[in-house]
Amino acid sequence: MSVPVETQLAVERLLARYVASIDEDRLEEWPGYFTEVCCYQIISSENYEQRLPLGVFFADSRGMLRDRVAALRQANVYEPQRYRHLVSSTLITGESGGLVTAQSHYMVVRIMHDGATALFSTGRYLDRVDLRGPEPLFAEKLVIFDSRRIDTLLAIPL
Amino acid sequence: MSVPVETQLAVERLLARYVASIDEDRLEEWPGYFTEVCCYQIISSENYEQRLPLGVFFADSRGMLRDRVAALRQANVYEPQRYRHLVSSTLITGESGGLVTAQSHYMVVRIMHDGATALFSTGRYLDRVDLRGPEPLFAEKLVIFDSRRIDTLLAIPL
Amino acid sequence: MSVPVETQLAVERLLARYVASIDEDRLEEWPGYFTEVCCYQIISSENYEQRLPLGVFFADSRGMLRDRVAALRQANVYEPQRYRHLVSSTLITGESGGLVTAQSHYMVVRIMHDGATALFSTGRYLDRVDLRGPEPLFAEKLVIFDSRRIDTLLAIPL
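Chains as they are written, first to last, in the numbering used here: chain A, 573 to 730; chain B, 573 to 730; chain C, 573 to 730.
It should be emphasised that the hints constitute simulated quantities derived from the structure, not laboratory data. Built from N, CA and C at the ideal position, the CB exists for glycine as well. It is possible that some hints are incorrect.
As the list claims (entries may be wrong) - Some but not every residue of chain B turned toward chain C, in silico, with C-beta under 7 Å:
#  : residue
1  : 574
2  : 577
3  : 661
4  : 663
5  : 673
6  : 677
7  : 679
8  : 691
9  : 694
10 : 709
11 : 718
12 : 719
13 : 720
14 : 721
Start from the sequences, fold in the hints, and give me the full structure.
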């Protein structure tokens, strides 16, 4: 499969903006990286591979993502913490009619207020990116995490 | 040194496909990323720098890599585990006659069946990539790991 | 914002060369990635966000960076150790007159002589890259680290 350079970089740039908004606590920008009607799901690799639809989070519209951010801002009970995403190995796997499928590997480190740092989550993104508008947007984003040991109270988007 | 965009992305794409096959347990695809006659070696940075040829794994043909996969599949005695590769900083260091040399930094996280997650290995890839065929292939891949503390029973390719 | 492919890859390539020099202990090359007059600062995210100028390291010329390397080489009292940088999500945020601003996420793993491996630092680079010369150079590099728990005796550049 031959991938146009511009497509590769457009997807990588969307991912870079996405993780920057999260890690710099500009969560209000997060829903804006998705199309109005979208699919965002966080699911374990075990459930994903066994085709069990049970994820730990699901949203199918930008509005639901906005609600999620509002809830996170109100539920300000968590210990302050930071996250640092690293994303690599973005692989375009298909393109059709301006919609691109891509997968990437991610790693998220969590930094607690006292400075304690730990690997929080690793996994991969399965993305469907809509390149037809003025800015690339996620039409679908599946976050498939590797470890079943994940906080059920996911404090932030992945 | 000026590097054509297409060369840079071709090497990055090969690396992305390579790590995706490993992390998604499609090990049977792994030998297919190498030329028939090839060099694949896993070696500690200490031995590499002291020019001691002693690595923890060596193969010089696609057939040997296939044998390795077969052995891994049969020796299914290990605790089930996952790996997650992150690769970054891919730097093309030379090109001659369709063969490109490149180095990259890698990090591998291991996720045990119970969800325990740990840094498994960090290091760099020194690759020689053959761009002359229909798909880019590794003619040579040196995996130079940073830590001498590595499982001698390497369960998976790095 | 539309980013030329060549600009994106030039910045990524500079970052790749930069971290390779550090991780392969070719520290003498490190000052050469900066312009003669430059700004290099390592600062915590807390201080950066509160606009406190207090960083853990600051230099405003290539000469100061050279002095730093000389000091590190003389103060060879540290336990031998290695570092492994991973850099991702490089995002060009502006360009003006051949000067490009970019940010990236980084993660550094430290490997002690006995092989013990640990996450050393995560954070982001805020870079101003001068593309006007024969090679891209950092006119400014801010290393904003996430965790307040960082060795005050930073053994190596970040």
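Enumerated hints in conflict with the structure, sorted upward
Numbers 1, 5 and 10 - these are the hints that the structure violates, sorted from lowest upward.
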